[in-house]
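Peer 1: To convert, count from 1 in the sequence shown and add 1150; that's the numbering used here.
Since the hints were derived computationally from the structure, they do not count as laboratory data.
Some hints could be false.
SDA-like, lysine to any residue: derived pairs with alpha carbons at most 25 Å apart [stated by the list, open to error]:
| no. | residue 1 | residue 2 |
| --- | --- | --- |
| 1 | 1243 | 1253 |
| 2 | 1243 | 1316 |
| 3 | 1243 | 1266 |
| 4 | 1243 | 1336 |
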Amino acid sequence: MRRGLIAAALIGGTSVGLAAPAMAQPDIVGSISNAADITNSLSDVLSSGSSGSSGGTGSASLFAGSGDIAIPLPIPSPRGLAALAAATTQTGKPYLWGGNGPDAWDCSGLVQWAFRAVGINLPRTSQEMARFTGGMLVPLAVLQPGDVITMDTYDIAGHVGIYAGNGMVFNAYGTGVPTGLRPLSEFRIHNIRRFF
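Using the sequences provided together with the hints, build the complete structure.
Peer 2: If you want it as structure tokens, here you go:
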């Protein structure tokens, strides 16, 4: 690794440059959750000479000859996790189009309320949330619990939920379906945003 530079962190194929003096590297590594796992992965890659993995597994890749190291950063947002926790307190409540709670919800009303509870103001509708430029747009490869997922219905971002992990989305789905978990595989993803 080149002294004085931490080169590129890859997030699902998107390169994000990080630069710091060599003396500051322990502080950067110390601030990343699971730093021991990342350090061990780096050691394994450097000692074996293999290319490692650039997926969202916590491993690192050394690009031959470039001196750059790719470190995927699938780090969930603490406030996103808190918003998910707030949303889950509404489990079992009925769906109501335009519902803002507390007795019934629509999809965007629930997501907006949960994030407002942790100090993040989101627009009211799923289409507005899909166009919203706040937070960080993230690829599916680094999806984490607490991320906001807008989903396409009728070729528009007509639905929104909060990723809950294990392939499940917490959402207010539709008439006759209580607020709760649904498999992400049932939806076509429009975009994913992470709010810190």
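Peer 1: So which of those numbered hints doesn't the model satisfy?
Peer 2: none
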